[in-house]
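Can you build the whole structure from these sequences, using the hints too?
Protein sequence lines, in the order shown, are assigned to chains A and B. Under the numbering used here, the first residue of the first sequence carries the number -14, and numbering increases by one thereafter. Under the numbering used here, the first residue of the second sequence carries the number -14, and numbering increases by one thereafter.
Just to be clear, a hint being listed does not mean it is correct.
One copy or two, it doesn't matter: identical chains are merged, so the pair holds either way.
[Said to hold, decoys possible] Straight-line distance between alpha carbons at most 30 Å, and here's what the computed DSS-like set of lysine-lysine pairs gives:
1. Lys285 / Lys135
2. Lys109 / Lys16
3. Lys135 / Lys109
4. Lys120 / Lys235
5. Lys316 / Lys16
6. Lys31 / Lys120
If you are wondering where the hints come from, they were derived from the structure by calculation, not from laboratory data.
Protein chains: 2
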Amino acid sequence: MTDALNFEGWSCPLPLRDYPNIVMGHGGGGKLSAELVEHLFLPAFKNPTLQALGDSSVLEVLGGRLAFSTDSFVVQPLFFPGGSIGDLAINGTVNDLAMSGATPLYLSAGFIIEEGLSVAALHKIVEDMAIAARKAGVMLVTGDTKVVEKGHGDGIYINTSGIGLIPNGVNIAPNRAKPGDVVIVSGTIGDHGMAIMSVREGLEFETTLSSDSAALNGLVEVMLELTTDIHVLRDPTRGGVAATLNEIAKTSQVGISLDERKIPVKPEVASACELLGMDPLHVANEGKLIAIVPQHSADKLLEGMRKHPHGAGAVIIGEVVAQHPGVLVAKTGIGGTRVVDMQLGEQLPRIC
Amino acid sequence: MTDALNFEGWSCPLPLRDYPNIVMGHGGGGKLSAELVEHLFLPAFKNPTLQALGDSSVLEVLGGRLAFSTDSFVVQPLFFPGGSIGDLAINGTVNDLAMSGATPLYLSAGFIIEEGLSVAALHKIVEDMAIAARKAGVMLVTGDTKVVEKGHGDGIYINTSGIGLIPNGVNIAPNRAKPGDVVIVSGTIGDHGMAIMSVREGLEFETTLSSDSAALNGLVEVMLELTTDIHVLRDPTRGGVAATLNEIAKTSQVGISLDERKIPVKPEVASACELLGMDPLHVANEGKLIAIVPQHSADKLLEGMRKHPHGAGAVIIGEVVAQHPGVLVAKTGIGGTRVVDMQLGEQLPRIC
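Below, the structure is given as structure tokens:
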């Protein structure tokens, strides 16, 4: 990188944990990411819509409500078991929109391509995007391509932004979790992160691990047909279920208590996590959602979710409590309770 | 870059001028960029909204019309005379929206930061974005940050996407140029590109060159108050006025004829272009617009534009003709006529 200006004498007023330079962890979806948002982005762009910190922002336009979201994808490798950067880029933004209860409609795509990427690889990635967009029922309507010199990129980076329409009566937001609500997960956790790690590390159980990359708007549609009384929806990507639930606990000022024995993890994912010393709660998912709903709606929702292919493994994994606001705890198998914190930085860099 | 799959045996069906790999020119806004769009992106994402190929796409939502646009910024250096990647990222997307006649409202920002960027530099860039957003009257409502390892980026890449509202009665599109229309430019051309080049090449007249980076939505608002009878608006960024007018000529199936003597170029920009062997018509602008309007509206529009700071230098530089459809020509100072083609690839890589 080249800085044309000299920042030596330019003091940074930010308590960014005293880091003078950006480190990988600032992009990891953990505490360092949160600090960057809280101490740098929010003060600069101060406005209530941004401060709501949902997966997408909610805009009042033309007498209705639009959801608007953006995500950049820098995953390595570009192709992995169960998907590629192409379908990930579509599904990721579709899911961010769906998590506000919106019907995703239109997507943009911004490509930053490294000189030397094969046209065949680009073609495959773009095909994957087109297939994923068709599956999700969204239209890619605008785009942009930049090329950077060899050695200044990593094959391809893709940004997608998206617009969706929020139906009347739907009010889903990260600050709406209430004591007494239950925490539902739509299926097994950790699949995406461990599929990526298996390829990177050349693990021998590589063949059995596959990313869960999928668009969840169909599942959300089914859920909203059953009841609009859903408080929070989030897709636990970077930072995993732990980061997602910590954020919700803080934003809603509630405690969240998980029952570890009920958290669904595939045996091969559990083995890989153990081998690499990782906690599945911190591993990224790309086709799962967390729903926080009133207890009385839970059974009906679970029944409906399980009929949908992306919700077949839906279970209740915990509850929202009035105690320890802002803190996520897990009841362990042997009867103890541990605090599940957010990671400082990244456990698995460049997972999406 | 890493390709996890082997594409050796995977034949690419595209006549992308027989390039097996992406080259810098595919991001230059010239013929190679156009080929990538035409032969790779359009066939994959086939839909009429994308095919309209405007600076932004026009979406019918909630009984009204939204403009939606995306742009990634990879400019080097990050700070240059007259601006930075920060204000460029805001102004670029604001302008793309304004070129459909829309009132820009909401922006997203996706950051891809290279490990090691100083927090002070990031802070300055984000401040520049915030100031530019306030000046343009738009709100940044959603964002995303990724960090890539040192050696896989170039300080910072920024994607901005934006949403605007198109007023009733406004119908501006790249296919609406008609024979008899006049071509207006809002001021001097080539300022941005030559400011960047002066820093990169260490030219001695560096101090006198400055980017024209500016948001043009205020100017467009003034124009639309005078008349909604504007056929085409475009901001001539990558590829310059030549690429923009070539695209309009092709999309509208008309000829365009420029009078070279009338094209405003600052003396210092003209000198720099001469020194580096560049044609100002191919050099990027970031605060200028091209308007194609019926002859009878031109005087009124010019008068109004000249009262606005960003339109003070507005002049008529040419006309739309029925002859040579799809072709841009320029009448030279000595009475001849030359064809002004689009460049194949980039003249000035990573200018925005």
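Hints numbered earlier in the text: which of these fail when held up against the supplied structure?
Checked against the structure, the hints that fail are numbers 1 and 4, while the rest are satisfied.
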